Every structure is written in C-alpha cells, then in structure tokens.
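Chemist: Listed below, chain by chain, are the residues.
2 protein chains.
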Amino acid sequence: MSQSAQIRRGLQALRQKFRARYRSPGTSSQPDLHSKKSSYICANAIPLHSHQNCIEQDSYVSRKASRKTAGKTPDIRTVAALAKVSIATVSRTINGSPLVSERLSKRVWQAIRQLNYFPNTHARTLVSGRSRLFGIIVENITNPFFPELIQSFEEIAVAHGYEILVSSSNSDPIVLTQCVRRMLERKVEGVAVMTFGEEEPVLDQLVHRNVPIVLAEFKLDDPKASTILLDYSTGIHEAVNHLVTLGHSKIAFLAGPHKLHSAITRENDFRTAMKAARLPIQKEWIIECDHTLKGGVAGFGNFRSLAKRPSAVICSNDMTAIGVLRAAYLEGLRVPQDLSVIGLDDIDFAEFTLPALTTICLSRADLAHAAFEALRQQAENPNDPNRKREFLVSTRLVVRASTAAPSTSKR
Amino acid sequence: MSQSAQIRRGLQALRQKFRARYRSPGTSSQPDLHSKKSSYICANAIPLHSHQNCIEQDSYVSRKASRKTAGKTPDIRTVAALAKVSIATVSRTINGSPLVSERLSKRVWQAIRQLNYFPNTHARTLVSGRSRLFGIIVENITNPFFPELIQSFEEIAVAHGYEILVSSSNSDPIVLTQCVRRMLERKVEGVAVMTFGEEEPVLDQLVHRNVPIVLAEFKLDDPKASTILLDYSTGIHEAVNHLVTLGHSKIAFLAGPHKLHSAITRENDFRTAMKAARLPIQKEWIIECDHTLKGGVAGFGNFRSLAKRPSAVICSNDMTAIGVLRAAYLEGLRVPQDLSVIGLDDIDFAEFTLPALTTICLSRADLAHAAFEALRQQAENPNDPNRKREFLVSTRLVVRASTAAPSTSKR
DNA sequence: GTGCACTTTCAAAACGATTAAATCTGCAGA
DNA sequence: TCTGCAGATTTAATCGTTTTGAAAGTGCAC
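Going down the list, the protein sequences come from chains A and B.
0 is the number of the first residue of the first sequence in numbering that gives the first Met the number 0; add one for each residue after it.
0 is the number of the first residue of the second sequence in numbering that gives the first Met the number 0; add one for each residue after it.
No wet-lab data here; the hints were simulated from the structure.
Do not rely on the hints blindly, as some may be mistaken.
One copy or any two copies: either way a pair holds, since identical chains are not told apart in the list.
Cross-link-like lysine to any residue pairs, in silico, SDA-like; alpha carbons within 20 Å at most [to be verified]:
no. : residue 1 : residue 2
1   : 282       : 303
2   : 293       : 347
3   : 293       : 355
4   : 293       : 354
5   : 218       : 372
Since we're looking at a predicted model, the values are computed, not measured.
Construct the entire structure; sequences and hints are all you get.
Modeler: Written as structure tokens, this is what we have:
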C-alpha cells in the first residue's frame, strides 16, 4: 500500500513536471529582437498545444487554454515565457531585487509593458503576508469632516503604495464590529479608528489578531495601538478669549454626544477655559447635542424658554454650529449682531456659511498624516519596540464673520 | 538524468506526503464531547511534535510551529484538526454545501466558533476567482452628494456580502487611470463609475480586462457596460414651470463644467424647458461654472456687470446654488425676495441652507441601488446575454424657501 | 458473502505570486 | 586541468483556500 502510494506519487510528480514544461523550451541563441517576437507567438499559442497525447492532463490544459483564449489577464508565467526567464526572475525584477542583471531586467520590463501585466494583489498578499491595505473607520461619512479626512488619508496612502478600505460606523457598535470583521477578513495591516471615542467594542478583536491600530484621542495600553492626542484646549481657550475680548460674558456650549470621549474632552476644555477667564458657567447653557445639523437646531431651541439667554455659543463641532446659525435665522436673531457663534473642525464648508463661521480649526490633513504614519510605523516595523507612538494634533481659532461684540442695548 | 530526476521527485512527493500528516491521526472512536476536548488539545499541541526524527521536515514544521505559538490567526487546517475532519469538509460546511452531513456540520461550526475563525479572503479570491469586491469611483468626495452616494452603495453592497473600494478622481484623468489600475490589481468584480461624464480614459482598461462597468449617464457600446440614465428633464421642467408660475421670466442657468456629459445634458434640458415655456434664453445668463461652491460664488458674480439681470437662477448642482446664496448675501440681495435660487441634487445639506434651498432631487439611494444591481447582475451572470441593462433614475422638484415671486417693484 | 448503487469523506491540484535553496556559469588561482 | 568562489538564474516550496476525482462507508438485494 505505502509502496503503491509511493509509485503513484512518483507518477504525479512526473506529470506535474511535464505540465510545467508547457512553455516552449526555445533556442536560447536567437538574437534579442527576434526571440521576443517568437516567444510572444509561442505564449499565445499555448491553446494549440491542447491536443496532446497525454490524456490525464487534458482537463488541465484545456481549462488553461480556454482561459488563455478568453485570455484577458496575463500572469507572471506569461511574462516569464515572453521574456524567456523564470517566474522568479520576473518577481525579482518587479520587486526591484538587486539580484537581477541589467540585461534581464530590461527584457522583463519590456515583456511586462508589452503584455500590460500587473501582479495579482491577492496572490502577493497570500504569500508575502502583506496586504498593503489600511482600514479607516469613521463615525459618519455624511459629516463633511470625514470625507475630507478620508481624502487626505487616501492621498497619503496611495502615494505610499497602500490602498484603503473605508467604513462608517454610524455610531452603531454592531455596525462597527462588522466593519472590523470585514477588515480583518481582508487582512488589513492596520486600522485607523476615527470615531473619536466609541472604540471599545472593536479593540478586542483587533488587538487579539495583532493588527496595528491608531486611535484618535483614546489611549490604549497596548503596544500595537498608537494614539493621536488632540489638543482642543488651545483652540477652545482662544475661542473663549476671543469672545471675552469682544465683550461677551454669557457664553453657552453645545456639546457633542456624551458617549464620545472627544465630546466630553471638548466640554471639559470649555469649562476649564471659562474658569480661566473667570466667567460663570450656567448649567442650562451647556447642552448635549449629537454633532449633527439637526441636533444643533434642536439644541439651540432649548435657550428659547430661558429668562437669561447667552450672547455667544461655542459648539462642539461645525455641523452643530451650522444648525445654530439656522435656528437663529429662523428665530429672527441676526448673527453676529444678536448672537455670536463659534464652531469646531473648520470643515471646508465653514467658510461659506451665512455668515462665514468663526471656528476652531482641527486639521484633517494633520490628522490623516499622523494616522497614516502611526500605522505605517507599526506595519513596517512589527518588531520595533518603539513602534507605538503618540502624535499630537493641535487646534487654533479661525476668526470669520459669525462673531462680533454683543449689542449691549438689546441684551 | 531523467531517471534520477524521477527518483528525486518520488522522494520529494514522499516528504510532502509526510508533512501533510503533521496533524495527529487521533482515534475516531471517542465519544463526541470528549473527542472535542482531546482534539482541541491536540491542535494546540502541534508545536510539541516538532522534535520528530525526520530531519528534512524540521524547517517546515518549526516554522509552522512558531507561527502557531505566536498563533493569532487560525486557518482552515486548525479548524479541521479541531473538528477532526478534513479541510475540504470545513470548506464545504462554510460554503453551505449539501454534501456535508448534519452531524459533521455541527461539529465544524462548533470548532469555527471556538477558534473565532474566518476564512482568508485573499486565498478564497485566488482560487475561486471571485473577489466580492466592487469599486466605486466618484468625482469628488468632498462634494456631499458623493459621500451620501457612497454610503448608500456601501450599505447595499455589505448587505449582499460585497466589499467596496472607494476612489475619487478629482476630475483628473491621470488620477482616474491610477484608480482603475489599483482596482484592477485588487481584482474588483465591477466598477461603478460615478464621475458623470469623463469616463472615456478608463473604459479601455476595464473593458479590455473584461470587468463589468456601470456608468452614470454615458452609454457605451459594450456588453459589459450597463448604463444608468438620469432623467434630469422632468425635474428641470418642473423647476422652470415652478418659476414661471411664480411670475419669473428672467431665468439664468449656472452650468457645470462642460467636460462632464451630465453638465451638458443638464444645460440642454434647461434650454428645452425654457423653449417649452416660451421664454427667451439670454446668452449671458448661461454661465459655465465648476460644480463647486466657490465656482457658484464666482459664476454669480458675472451678473453684477449686466444691465439686465435675471430674477431667478437655476444651478447645475446644489454646491453651485449654495455659492449663489452666499454671493447674493454678500451683495445684499435677499433670497427669495430679490432673487430665486434653485439647485440640483438635493444633498442633505440643502434643507439647512439659509434660506432652505428649493432644489431638484436626484436620489442617491436610487442611484446607488441601480449601480449595485447593474454590477451584481453582470458579476454573477457572466454569460447571461441580457446582463447588460439600462436603469433609469428620475428627478423631481423639491420646493423649499429659496424661491418666491419676484418683487416687481424692484426689477 | 458478494455486488451494486448511493452517500459521505478525503487527498491533491490549482489559484498567482514570493523566496529560500539549489544549480549553473565564469573566472581566478593552484 | 581542476577546484573554489562569486554572482546570476532557476527550481520548488509555500501562503490559505476551493474544488474535483478517487476512496471509503452504508444499505440492500441477490
């Protein structure tokens, strides 16, 4: 039995060898130009060989043949045959290995161009273990902040030969978990979790699979997770001081949803800034919104019933501020004469609101850059003990037209 | 020589056979519960077996072993060993093949859950030829229309087990070509080209590689390219009629960039609608803009120097209209009293401009749905002669607050 | 006990690349 | 003339799946 198995094996091995020989041996003494032409014809002529006398390989060859005739996708073998080298040499050439001589390299590139060949990423990933894929998970792709962030991130990634997988969690932990799962299936080399503070449910999966992570604003005690610290404090202090300088003292804050760490940080930084400016904080002037435009409209509506109303509002993000702008307009309040409004993010749109929004700028480009660098660092030096790093992205006030001195006469 | 080669082969085949035996044979007579436990231990115990007496397999086994110990990623073999079946059975179970008995299927799923295993997409793609990836190329991801489109598309795709690759061309043919190249490398099963009319440079590559395409608004004489026809006509007629009913006759049109087919279609539909309403078209009231907010501001500026100014403006997209809103505000014109403005797209934001924008709605959800169905149809029935289809997405007017009767007194 | 359909499971080839190991090719030195 | 040593090239194993064709059970009639 084991004897017969051995013999069967021998036969199979032989067949395999024979199949591997399907590319024509060719005569190596032909001049260069000519040899190219002849081997090209040869490569395309493979289907013609399918009527060979060996029965067992028919199915293989014919399948191969049919694929070649429909034949849109040249593979590394096609290139090798055309360039008359082994597939290893082709692979080396493509990957810029110094082990390939000038002469062959030229021939291989010529063949690659002629066939318009490019390697199959899946095959590459499978054997090399590197997918050159990064995932980026954002909170809500319809908030303009995130497309702008994605755009920057994509640009940088592509420039470095990476591809990105985008998902938006819509603040739903279940969706988030599925995003992560899908990214793991695709073997991403790292994930930028740009949800600004609801990441807990995903961390387990990623950490467990040993996938690098970068988090905005949430530190994780894992060597695989880098962190981007966001210094809202600077910008928020500037904002408060700006209002104080203009003569405001009744300053409200429309916060983000408390389930986001970032929202809480922003709110706390506001409180600190107010304290530093020696201004009182009215409890009913701090309202939790949801970082959406509608939320801003609704949030500002809460002030309507108040006896003592704020003369200025700082918002946890720009969308909320735009909502306030709208709510004020509907209520007949003029901005900035009757009400000053400050946003946070400085989305592209902020420049074009009516009036143009004074806001705290959080650079998407900086953030994207930090996120990419963090991931790349970890992905490319998996054993570097210092691969985990912290990045700092700062904020600053951008003064536009939505802030002015309060009209003392009126309130 | 060929004799010795044969012998060498035989030996190698044997070695291979031996290696394949690395998972323990186990005794098949154990009761179910117990067997699970014992095989679990067995699977994890593989590293212990590395001190075997066969020298040639050392490197293989030990590498395998070290991977197992660092072992974050269980593969199909791990599952098979744990469930005490062959990897083929595991594969069948996962893919719901009817050839697996109830009893085994249960055992396999149990193992899968226990290991938190999921298949490697790259390996799957490689062998099955199906990547379950669709590409979507948009014009400019920072135009809110597109994130909304992407969001819908992604939702539908994920619900059907597909993943998406997003790229924005930024109206640059070179960037576009690179996007397509990257998508081809990842072996996408189809590409939705949502650039609305500059697709020519990419078609070649995709058609040549036999990749299904769906185009918005541009017919291609290829059986692999489905088309989504956009009926702007309905919405634009409604818009013109709406303005006419309000009493407008001096209607301008801020067009999109002429390099986009869609922009030209929209403009032509406007002309047709004007003719149908028996209104004169002033040449200087039709201006080519670039579909951006800034472009809208600039475009509207052209009217300032005119002796005879329009009382209403229809814009080729919402961003342009928002630009007009801003330009009018800066100029001191009140919307809608002094100027009526109509956009096109109905991006989420349109509801929240000041005043809320009257606009022609082009449903992202419908568009995304059509695009996905078109691709799926083609990807899953590669030989169906009717796989190429045409979809129609219509438009309709949404009246909000940016349109009103012209103040006759003033102009 | 044998033979024959019919299930069920298994083993091995294949997908398209990378890469370690083996082989080949010149050429210098004994 | 032969050996040894680089450097250039090729060979073959490998990644983790799917998918066949073959093997092994199973049940039943003869």
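Chemist: Name the hints, by number, that the structure is in violation of.
Modeler: none
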